[in-house]
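With the sequences and hints as input, model every part of the structure.
Sequence lines, in order, name chains A and B.
Just so we're aligned: the first sequence equals residues 1190 to 1670 in this note's numbering.
Just so we're aligned: the second sequence equals residues 642 to 1116 in this note's numbering.
I should point out that these hints are in silico values taken from the structure, not numbers from a laboratory.
All residues carry an ideal CB built from backbone N, CA and C; glycine is no exception.
Only true hints are included.
Distance windows between CB atoms, simulated: (1) A:1456 / B:848: 50 to 60 Å; (2) B:920 / A:1580: 28 to 38 Å; (3) B:922 / A:1580: 31 to 41 Å; (4) A:1545 / B:892: 30 to 40 Å; (5) B:920 / A:1602: 31 to 41 Å; (6) A:1534 / B:929: 54 to 64 Å; (7) A:1283 / B:757: 55 to 65 Å; (8) A:1534 / B:848: 39 to 49 Å.
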Amino acid sequence: MMHKLSITELSKGLKNKDFSSVELTKHYLDRIAVSELNSYITVTDELALSQAKDADLKIAKGKGTILTGIPYAHKDIFCTKGVKTSAGSKMLDSFISPYDATITEKFNNENMVMLGKTNMDEFAMGSSNENSYYGPVKNPWDQKRVPGGSSGGSAAAVAARIAPFATGTDTGGSIRQPASLCGITGIKPTYGRISRYGMIAYASSLDQAGPLTQTAEDAAIVLNSMSGFDDKDSTSATKETPDYTKNLGNSIKGLKIGLPREFFSEGLESDVEKVIMQSISEFEAMGAEVHEVSLPNSAYAIPTYYIVAPCECSSNLSRFDGVRYGYRCDDPKDLNDLYLRSRSEGFGDEVKRRIMIGTYALSAGYYDAYYLKAQKVRHLISEDFKKAFKSVDVIMGPVSPTTAFEIGTVKDSVSMYLADIYTLSANLAGLPGMSIPAGFSNNLPVGLQLIGNHWSEETLLNVAHQFQLQTNWHSQLPVEP
Amino acid sequence: MTWETVIGLEIHSQLRTKSKIFSGASTAFGAKPNTQACAVDLGYPGVLPVLNKEAVNMALSFGLAVNAKINQHSIFARKNYFYPDLPKGYQISQFELPIVGQGEIEIPLEDGQNKMVGITRAHLEEDAGKSIHDLYDDFTAIDLNRAGTPLLEIVSEPDMSSAKEAVTYAKKIHSLVQYIGICDGNMQEGSFRCDANVSIRKKGDELGTRAELKNINSFKFLEKAINLEVERQIDILEDGGSIVQETRLYDAVKNETRSMRSKEEANDYRYFPDPDLLPVAINDELLSQIKKSLPELPTEKKIRFIKDFGLSEYDAENLTAQIDIADYFESMIAKGADVKLSANWVMGDLSASLNKNQIEIQDSPISAIELYELITKISDNTISGKIAKDIFKSMWEGKGSVEEIIENQGLKQMTDIDALEGIIDEVVNNNTLQVQQFKDGNSKLLGFFVGQVMKATNGKANPKQVNKILNDKLS
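Here is the structure:
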């Protein structure tokens, strides 16, 4: 039952020769082959096995890192040389990346094993994974339900243990919300912690990569590998990366937890609230203090986000024009026709919707009223957090107002946007945010959100790890069909 | 009715960095299509721009050279529009906060006065690729080698009031960017491009509606295009019409401008700050470092030429107009050449030959050392000025060094006074009528005798000596 092991345990097993990376990889590939979750867009069997062979050689020589030989699933938004990189879009269905993302390169340098590329909402736009050209992903806890999004394939794969861990990206909650809905651990670090080079851009000032894992300890291990300055990304931070595993064991006695009253208002399902409050009591029992804080501008997070992100994406997605790579319509009559049909046929509805919102908001005469105003509110939201972090160490609350909903039931975009209400602020403020399994409501997982100050990943991981030492929500597994 | 012309220029100057402004690809001109474009230049999914610091330093050099305000916090913005040779669907440029703010530059006018032309701003941006429409019948070919080449866009105030002034300004900027080494100035290759904003008004009126002229790739065409546009606008207004704000394309073959797009058809570029790039922060240390490394600027050089070499204001202006000419001249002087003779030869025969053959001075077939050798032969009376002109032509044609040409063609000046006196006696004896007329007071005839002597000596006599001996013999 190798798939029930965490990264720490797998790494030990590889080192002790309990199993080889090739055996481990085959085990996962076998599980993927029978999975019906639709969590992978591409399974890279051959590549995985050859990477596993290399890893075994390295391990045999006593070389390698804690991650050498560990399989993982890569969100299909990260460029992988020679492997299809689709971003969940018809537009890039034919796109084989000619280069590796910085993260891919880092993982390759550690001789990790890529099992495949995971399904996602098209260009990371969505909260349910229903916006994928490759069809919706099913939640392993209830296959009628969504896994959340946009990193839905990654979250479902880890929850179903058809990958020991997966990568994700989080622009407005795309790591935390699916982690919450699938009952796993996910962290979006501070903006600038992880290089964005080779990560297909949705909204550049908000996008941040991170791991989806079984435990906080695993998240710390993977984050160690992913983080650090990259001279190919001007927005990556030069700040030194600490060893995120070092302080996991610290006591959290005296930890000051802030509960924003705005995160516990109408819209939050009462059963979800109950689970959240129970986990807060757990923290109190561990010696933490709970304080009420206020984030008065958090109500504006949704409108602010849905101006900033579409503005940036309307420009970021202009490069998909049918000229150099990706989808091109048949028999274009002229240049305009080429643009119009390639983009109309290549993009899905939600992507087109956001491109249009952004194009409108940036237009002459509207820029001040929308984009500039949104930037000002974004600053106010940041200030709210700054103030709150003067009195507390970590902010806690729900990740999502509901548990996983049924596929096809949320039909209008605005209702879907409301699912991001608690996660958007951290992106707007560039803060690290995390989701950890906190319990169940009607047999569906509920995630607890932890938001920390800039560069406080160590604190978040420490707090989450201490919680996981006291609880076993993170080790609950969905029933396999 | 008299109209006043108002002109402002936008100059795109390609910066001489080794690599592109946001990628590591080479900027060299003339490579095979699409061989100098990396994933970043091609706008591949997931790539990110990283600012080339060299381009920033070059922009700062320019700013300091025109006494401009340097914005120590400047921002890159995206200019969004679709075009096949614009890979990302936006151009990274600067909009609200350019790196170089208000500055100025002095230009000489035809009447000998000087005029200050304001520089509104200069900003950094990336160039687009090239669309080649005439390679295939049914397709447009795209070459993205140029995509991402750094440009400094230099925007002037509408301070020029004639096409001539606009050209003088453009030449002044052209010279300056080469002086400070930030641009090779090659207009044929598109390293230096001018767009002109032209409007007319009656004296004292507010500014008229302007037309922007594009696609101008030489100073000659700049002057022609502006004059054409001014005439066109005068015709319209005098017929009671009004000017439409539009972009007009200059066609050098047909010598006409035609409408490209009106203001209504203009793109809405939807500028916004590029979230992939941090604001550019310039500290005082970098500024003073760049200030220190600035070379001697044209005005400084001109003042030094007047002071050190005793040149006239006019000569100094001409000799310092281009850094390569100034360098050429100075290396002649450094060898010890006569200043006045050097100035005359560089601005005279050499410039004329260069212009006629459309060669830049750095590619001149006659080097500064060779020209120095030639004029030294004049100074030491080995040859006359007139013979020197013939030798210059032979040198230009590659017929050998000064010494070789003088030797091979027997052009050495006559130094044998006795022989010269003999020839002069012969001329005097053969022209008794003219001798009489001269003695009767027709002093103009001296020229006739000199001419005869020069003819008889194949120009090898020293004119001064001929004059002196003739005067002695005829008095």
